[in-house]
Amino acid sequence: MALERLRKPWPDHRAERTLGAVSLLVGVAVLAMIGFVLAGAWPIFQHNGLRWLLGGGDFESEVARMNAAAVHPSAADYQLRAWPLIYGTLLTTAIAVVLGILIAVLASVFIVELAPVRVSKVVIPVVRLLASVPSVIYGLIGILVLVPFIGNHLITEHEKRSVQNVVQLTGAGLLPTAMVLTIMITPIMIALICEALSAVPSAWREGAVALGLNPLRAVRAVTLRAIRPAIVAAAVLATARALGEAVMIQMISGGKTFAPYPSSGWVFIFEPLRTLASGILDYREGVGSPPLKAAVYSFALLLLFSALALSVGGYMVKLPLRKYQTR
Amino acid sequence: MSAVATQAPSGRGRRSSPMTWRWSDRLVLVAAWSAGILLCLIAGAIVLYMGYRGVQYLRPALIFSRPQPSTSQAGSGGFLDPLLGTILLTVIGVLVALPLALASAVWVVEYGQGGRGRQTLARVVESTIEIVAGTPDIVIAIFGLAIFQLSLLAPFSFRAEGGGVFGRSFIAAGAMMSLLALPPLYAATRDGLQAVPGHMREAAFALGKTRITTIRRVLIPRVRSNIATGTTLGISRIIGSTAIVLILLGSTLRIETQGSLPVVNLLRGTGSSLTSYVYENSPAGEGAAPQKAYAAAFVLLIFVLALNVIVDRIGRAHASASGLTAVGAVV
Numbered sequence: 001m002a003l004e005r006l007r008k009p010w011p012d013h014r015a016e017r018t019l020g021a022v023s024l025l026v027g028v029a030v031l032a033m034i035g036f037v038l039a040g041a042w043p044i045f046q047h048n049g050l051r052w053l054l055g056g057g058d059f060e061s062e063v064a065r066m067n068a069a070a071v072h073p074s075a076a077d078y079q080l081r082a083w084p085l086i087y088g089t090l091l092t093t094a095i096a097v098v099l100g101i102l103i104a105v106l107a108s109v110f111i112v113e114l115a116p117v118r119v120s121k122v123v124i125p126v127v128r129l130l131a132s133v134p135s136v137i138y139g140l141i142g143i144l145v146l147v148p149f150i151g152n153h154l155i156t157e158h159e160k161r162s163v164q165n166v167v168q169l170t171g172a173g174l175l176p177t178a179m180v181l182t183i184m185i186t187p188i189m190i191a192l193i194c195e196a197l198s199a200v201p202s203a204w205r206e207g208a209v210a211l212g213l214n215p216l217r218a219v220r221a222v223t224l225r226a227i228r229p230a231i232v233a234a235a236v237l238a239t240a241r242a243l244g245e246a247v248m249i250q251m252i253s254g255g256k257t258f259a260p261y262p263s264s265g266w267v268f269i270f271e272p273l274r275t276l277a278s279g280i281l282d283y284r285e286g287v288g289s290p291p292l293k294a295a296v297y298s299f300a301l302l303l304l305f306s307a308l309a310l311s312v313g314g315y316m317v318k319l320p321l322r323k324y325q326t327r
Numbered sequence: 328m329s330a331v332a333t334q335a336p337s338g339r340g341r342r343s344s345p346m347t348w349r350w351s352d353r354l355v356l357v358a359a360w361s362a363g364i365l366l367c368l369i370a371g372a373i374v375l376y377m378g379y380r381g382v383q384y385l386r387p388a389l390i391f392s393r394p395q396p397s398t399s400q401a402g403s404g405g406f407l408d409p410l411l412g413t414i415l416l417t418v419i420g421v422l423v424a425l426p427l428a429l430a431s432a433v434w435v436v437e438y439g440q441g442g443r444g445r446q447t448l449a450r451v452v453e454s455t456i457e458i459v460a461g462t463p464d465i466v467i468a469i470f471g472l473a474i475f476q477l478s479l480l481a482p483f484s485f486r487a488e489g490g491g492v493f494g495r496s497f498i499a500a501g502a503m504m505s506l507l508a509l510p511p512l513y514a515a516t517r518d519g520l521q522a523v524p525g526h527m528r529e530a531a532f533a534l535g536k537t538r539i540t541t542i543r544r545v546l547i548p549r550v551r552s553n554i555a556t557g558t559t560l561g562i563s564r565i566i567g568s569t570a571i572v573l574i575l576l577g578s579t580l581r582i583e584t585q586g587s588l589p590v591v592n593l594l595r596g597t598g599s600s601l602t603s604y605v606y607e608n609s610p611a612g613e614g615a616a617p618q619k620a621y622a623a624a625f626v627l628l629i630f631v632l633a634l635n636v637i638v639d640r641i642g643r644a645h646a647s648a649s650g651l652t653a654v655g656a657v658v
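Sequence lines, in order, name chains L and F.
Mapping the first sequence onto the numbering used here, position 251 (from 1) lands on 251, and the numbers just tick up by one.
Remember, the numbering used here sits 327 above the position in the second sequence when you count from 1.
Derived by calculation from the structure, the hints in this document are not laboratory data.
Think of the CB as a built atom: it goes at the ideal place given N, C-alpha and C, for glycine as much as any other residue.
There could be a bad hint or two in this list.
Short, incomplete list of chain F residues facing chain L, as computed with Cβ under 7 Å [claimed, not checked]:
1. Asp-352
2. Ala-370
3. Ala-430
4. Thr-455
5. Ile-458
6. Arg-538
7. Ser-563
8. Thr-569
9. Ser-609
10. Val-631
Computed spacing ranges between beta-carbons, pair by pair [what the hints assert, rightly or not]:
11. L:Ala-70 - F:Arg-393: 50 to 58 Å
12. L:Ser-74 - F:Tyr-376: 45 to 53 Å
13. L:Ala-70 - F:Tyr-379: 48 to 56 Å
14. F:Gln-446 - L:Val-98: 32 to 40 Å
15. L:Leu-54 - F:Ser-361: 37 to 45 Å
16. F:Val-636 - L:Gly-212: 43 to 51 Å
17. L:Leu-54 - F:Tyr-376: 37 to 45 Å
Covered stretches of chain F, going by a simulated chain L footprint (3 or more residues, C-beta under 8 Å) [what the hints assert, rightly or not]:
18. 447-454
19. 616-626
My request is simple: use the sequences and hints to build the entire structure.
Right, dumping it as structure tokens:
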């Protein structure tokens with residue numbers, strides 16, 4: 001009977017209701033995600049307040065203590081100061097996004113405005129390829145090629161000795177992480193910026209050229225100015241991608257909780273670091289102990305909230321684009 | 328007037344050559360060209376290097392033998408299980424994501440326009456999918472861990488010796504993979520439906536078809552190639568994801584079954600994928616067998632390249648202005 005009803009052509013209102021219900025499932029999943037991650041992270045908030053976002057503790061020993069905690073952990077086991085991880089996340093993301101924007105804008109102008117069709121036909125698949133290479137392959141090349149190269153050739157013995165009491169420089173650290181992260185997020189930005197660039201009416205640029213600007217200056221003065229919101233939107237998306245990158249960073253960032261501050265001189269670019277996402281990955285086996293599990297959930301919560309905020313931010317910056325119909 | 332007329336050069340002459348530009352403009356020109364060339368060089372270096380290592384280390388025996396728990400390189404076997412794991416995860420992920428994405432896209436485009444309430448709902452659906460697209464896969468993995476560790480869902484996941492719920496299984500990982508595949512699949516289908524001209528719907532309605540029949544018989548067949556593009560993009564996200572596998576499938580390289588029912592035991596079991604095999608065999612993991620990591624990564628890269636070519640082939644039919652929409656949809 002039920003099968004018979006399914007096989008007959010559906011009445012429209014039933015189809016609509018079914019499809020609507022199915023599409024709302026994704027919303028339910030998002031709400032559940034926020035709820036579950038918040039619930040998992042709650043003990044950290046309970047015991048640390050918002051101070052866990054700050055520095056002042058010794059992160060590695062806190063984690064060791066969490067790992068050793070009994071089934072019924074005491075309040076002291078929950079102590080957490082996660083600033084080194086937050087700092088590492090912000091630092092790598094900021095470097096990668098700033099470098100990435102620069103390269104992406106230049107490359108997009110190259111693809112859409114400057115390159116002969118024959119050249120851009122090659123560059124576009126290249127960008128797509130770079131966007132689709134899995135992060136574990138970037139990590140593999142990083143750890144087996146880039147890190148040994150930096151460790152053996154770029155870091156001098158003197159630099160290694162100068163910080164040997166604090167941290168060991170192996171080559172894994174901020175420099176390879178920032179480099180590979182930049183390569184990973186640039187294609188995303190190029191995709192968005194290229195699309196906006198080719199949506200700008202060519203008459204605008206032609207008008208500028210007719211007024212006597214050379215083609216490049218016309219691009220800078222008119223086209224790039226018109227797509228500024230798209231550049232910001234691209235940066236926002238790339239930020240979201242960079243914040244959440246876990247595997248590649250875990251592989252080539254040195255796997256040591258250390259906050260490389262520029263105050264220690266140029267050598268800080270060789271120092272290891274840990275980000276929130278790579279921390280989650282690193283402590284994934286420790287989720288058997290309740291405090292460490294809560295800590296992992298709290299890192300995930302931070303990433304989730306940043307992703308939500310960036311979603312909203314990305315929507316806001318795209319509004320002017322919709323208004324002018326350039327998208 | 329005549330003076331101006333004589334000054335106007337003929338043909339291409341007026342198009343200023345870069346040599347006459349101001350130095351700052353020339354600098355930007357050089358920078359733009361070098362950015363483009365740099366990207367090509369990086370991509371070329373990655374493909375060539377991985378190809379070189381792949382040819383060097385990949386042997387048929389590696390593909391067709393199972394990983395063995397052994398300390399020596401020679402005895403630790405190949406990556407048959409990870410390969411099967413990747414395929415299984417892809418199948419589960421796509422099977423879950425496809426109906427969700429199709430239903431959402433159809434509902435948003437075909438039903439979500441009439442009336443204020445519907446428009447709001449459509450916008451809610453659209454933005455939730457955008458949120459899913461922006462959520463890092465490691466957070467999705469942690470979410471999966473949270474829900475599959477619930478005792479309610481214990482039948483779906485691997486159980487430890489003592490009876491504790493691990494929250495790890497092919498079902499758990501595949502279900503979360505579907506969240507990765509959903510956004511590109513949804514975006515491709517939605518764009519396809521929006522591009523179908525309205526007169527096709529009107530013609531169907533004029534023949535007395537209902538909305539849902541129109542969708543099934545006219546619209547879905549019409550956007551088949553978009554669905555295929557979206558599916559391919561989704562697959563390439565699934566096979567490239569490492570974090571979800573590492574967290575939700577455990578770190579056993581061999582496929583371990585759970586229970587005795589033939590298919591169910593596999594779905595409830597744990598295992599690995601090509602990505603987690605590469606990770607575990609790299610110096611970052613425990614295996615420290617770079618040769619095998621290179622070989623598996625080479626296979627993975629070939630998959631990714633093949634999927635790229637497929638997207639390109641299908642996408643020819645509805646090519647965008649810049650040819651980069653596919654990347655945008657992945658985002």
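- Hints the structure violates: just list their numbers, smallest first. 11
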